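Respectively, the protein sequence lines represent chains A and B. Counting from 1, one number per residue, gives the positions in the first sequence under the working numbering. Counting from 1001, one number per residue, gives the positions in the second sequence under the working numbering.
Think of the hints as simulated: they come from the structure by calculation, not from any bench. Being a predicted model, the structure only gives us computed values, none of them experimental. We put the beta carbon where it would ideally sit given N, CA and C, even for glycine. Certain hints may be false.
[As the list claims (entries may be wrong)] To give an idea of the chain B side of the interface with chain A (calculated C-beta under 10 Å), a few residues:
#, residue
1, LEU1209
2, ARG1213
3, ASN1215
4, HIS1217
5, HIS1218
6, GLY1223
7, VAL1262
8, SER1274
[To be verified] Restricting the straight-line Cα-Cα distance to at most 30 Å, the calculated cross-link-like pairs of lysine-lysine (DSS-like) are:
#, chain 1, residue 1, chain 2, residue 2
9, B, LYS1249, A, LYS214
10, A, LYS242, B, LYS1257
11, B, LYS1103, B, LYS1115
12, B, LYS1194, A, LYS358
13, B, LYS1100, B, LYS1089
14, B, LYS1119, A, LYS242
15, A, LYS430, A, LYS344
16, B, LYS1249, A, LYS391
17, A, LYS344, B, LYS1249
18, B, LYS1139, A, LYS391
19, B, LYS1257, A, LYS344
20, B, LYS1257, A, LYS384
21, A, LYS436, B, LYS1103
[To be verified] Output of the computed footprint for chain B on chain A, the stretches with three or more beta carbons under 8 Å from beta carbons of chain B:
#, segment
22, 262 to 276
23, 439 to 451
24, 461 to 470
25, 507 to 518
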Amino acid sequence: MMKQWFTPLAVIAGTAVMFACASAQEAPASAPAKAAQKTDKAVQKKAAAKKSVTKATDEKKADGDEAKKDEEQKGDAKADAKTDSKDSGDDSEAPILYNSLTLGYTSWSSNNNINQINQNGYVTGGFGISGLSILQPFEHDRFLALDYMGTPGNDYGMRLVNEWGSNTSLNFHSHQFSFLDPGLGVRFPSVDSGWDVTVDHQIAPNFGAFASYKYTEGQHHFPAPYDQPNYNNGTLTLGTQKQFGANVIGASFVENRFNDATGVQAPTLTDRGEIRYSGSWGSRLTAQGTAAATRIQVVGQPDNWVHDYSVSGIYDVDENSTLGGSLSQSVMDFHSIQNAYVRKRNLSGINFETHLDKWGLGLGYQRREEERMRADQSFVDVPKWNIFDVKLNGRLNSQLRLGLKGSMEDMVTTPVFLTNDPTLLYWNRKATFNAKVSGGNDVTNGYFSYTCRYRRNDERGYSITWNNFAFGGSRIFSPKLLGYAEFSSDLYAVGGTSPAATALGAYFPTSETFLIGVDFTRNERENLSFVISSFYTQDQWGQQIACTYNRDLGKERNIQITLSPWLQRDRLYNVDTFDAAIVAVKVGVRF
Amino acid sequence: MKIQAIVLGIGIAGLVFGAMQNGKSGAAKAAADKPEKAIAQINQRFTQASPDDYIGDEACAECHSTKNHSFNGSAHAAFVSDAKLPLEKRGCEGCHGPAKAHKENPEVEVISFTKLSPKDSAAACLRCHQQTLDASHWKNTDHAKANIACVTCHQVHPDTEKALESGSINRGKTQDPRNVVRFAKQPEKQLMLKADEPTLCGQCHQTQLAQFRLNFHHPVPEGQIVCSDCHSVHPTKAGQSKQTPFKSKCVTCHQDKAGPFVYEHDPVAGFGGSGCNECHTPHGSQNPYMLLSRGRGLCAQCHSDKLANHHPGETCWSAGCHVAPHGSNSDPTFRSH
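Just chain A, same shape as in the assembly (with noise of 0.2 Å):
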């Protein structure tokens, strides 16, 4: 135990000597010299906006032109000052920085089941990249872009843009992180990795092209009898697109590769090749279709194909109101498949939305049918459904605003079921609904937001309905002291006569998350948060604290260090049970 906290006492204690030492060097400045750093900066500002935009442009300007305009760069110097404090004391000028490194370091401490806090990032602590990025702006015909960060051979995630003149760029990512399955034991970490390249080229004037590559790979760990993905896939993508006055042209391939290193899943290869149009006619509208044609090829399979058209269009009625519409199509020829499925989807709908003064209404119908075949080809049937949408917003007053959205699907026609239990399997009504009032000033915001999600299936007698209530708040309490506040509670409730009602409500369990903090800026340099969030459901709970303290060093330098107890409980088997602490230290410059 004492080892555990050995490490994290240190980097306080470090920290501490740094912070006691730049607080020594950087003693607040009298009155009078505060008036003499603003004077300097408006000259300081001035010579630096000059010198570092204005390649391109003549430094025709004498330097006699800045006596005449000190006077309004008074003004302006006191907006400056307070950014530029940082910078007080350097009489020369100050060039623009574009490039910053940041190291971190960190310590965890944990006990009982650390799977379960690793389940969404696997950190390993100790020192890494929080973030490098290297900026090269446009010299010499060429502008580059670097940022990294992460750990060297572990998790990290990186992005170059390298562009070439006006018309070509390049741009490169890559990725790695890693996490672990919750349950209770020894796990290896999960990977998910990747990287992609795309080359884009201005051909001519409105007329350009890509090509993208992207690679990724998974390499996961689970316990049976889940699967044990280890697969990769390949994209390549190539494009190009030619604009003629307002009207667009633009034409699409892509090729996936994927494939299943555990040989549990057949290699796939699928090809989608598409074309678009889109275009204005006149002021009033626009429109825009797409014909695309997608080929999936599965070893041991004869091919599939699935082809899709979609136009879709907008006419503005007046300044404020639109009248939208769009059909689409989709036909699968899937001829492995066995059982009914989809060969045919038709969606068309319709939309009308207006703004009138401060308020926003919005309707909308949508019609979806389906056509299903067994793979003899022969025909099933046709499932049919309603679509309905509306929504509202605008404002209550001049500091409340209120929206307000729902949509009910309907099956209308309902399909029949050949298995072995004939009751239909499709919801018959699905419902949400959603309203939110938000609104503030200048010191207190706020928001309530109400959503219900509503599924019944008529046959089997049931219905789920799924309540989420959430609202929050932040108040500046003084120019130091920033407050915020959350809460979100969702509540499931199943009703219905049948014997699966009373059932089913037992697997639905509710929950609630629920957060505190406070910002509290001390001066123009330091800054500390202060942060707990905590959630409940029925079978778990857990809370967690975040501290975090900035602090600007001055000469382009920053720390940032942050503690943090963790700790979740599991009500029934405590096999989710947990308890860690976080040390993090990270320290920054730019240059």
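Given chain A, put chain B in place with the hints provided.
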């Protein structure tokens, strides 16, 4: 017949309402005719300008040094300073229009984005960013319909250099100490966002933010993925838009669940309907694997006849029975892959 009547009714209501609005909105029209509110006239400022109407950044900085300096620290500046760009796309005047007249008489306004309507503001940005998306695609997005402009999320003029650093206005809402090693696939600060994505998106989508605090969630608080890894905020140049089927977003990472399978499980067959959402809550859940319910209750929502009398166990798959609920190539009841 009933359906056609409904469709026709909505259409007619729209036209009638629009016609009424035409009569009522004289004031709105007058406002729209103001030079700074009409995008067509904004474009005219560029197309009708001569090279002499452009005065360069240095001249702008003489009065607007604060804005100029803060802008210089942004990634945008690195692009628009390219000397090979045409005058109408270079420097301050690339966005604010030719400024000679404004310099000679400050009462002649340049294009001010704070005075533009969200629609016109977005259209002004799209003068250069058409490669990312075109106006007709943007117009169809929910964000555009909700009067969100580019500058609602993107910060062209950082207020301070500190604001350039991602997370500097993060109020801790999604902070997770495991985020000390942040490895989001797309580092965000180069996108000139006002904050990191969860914080920024969460300002409006608060309930989703709360769901991320539940025990089982996608690793957004940990910084491993960001909102835009799943949500297409802008329709992209590849033609993606909100019409993209829900499932296709999930299988980008979970490719082994994509299918098609010889034996499909209907709720996730193909790429239509609710897809993965039928069983999972993607932002967060109190149940393992972000499922809608715990244990076999998930399957029993539809298969209620299997609730109590069918081989009792914790879940339908954990005892090694229906281990391939996303689809199988070998067994019609998903008892093997």
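Please list, smallest to largest, the hint numbers that this structure does not respect. Result: hints 10, 21 break, sorted rising.
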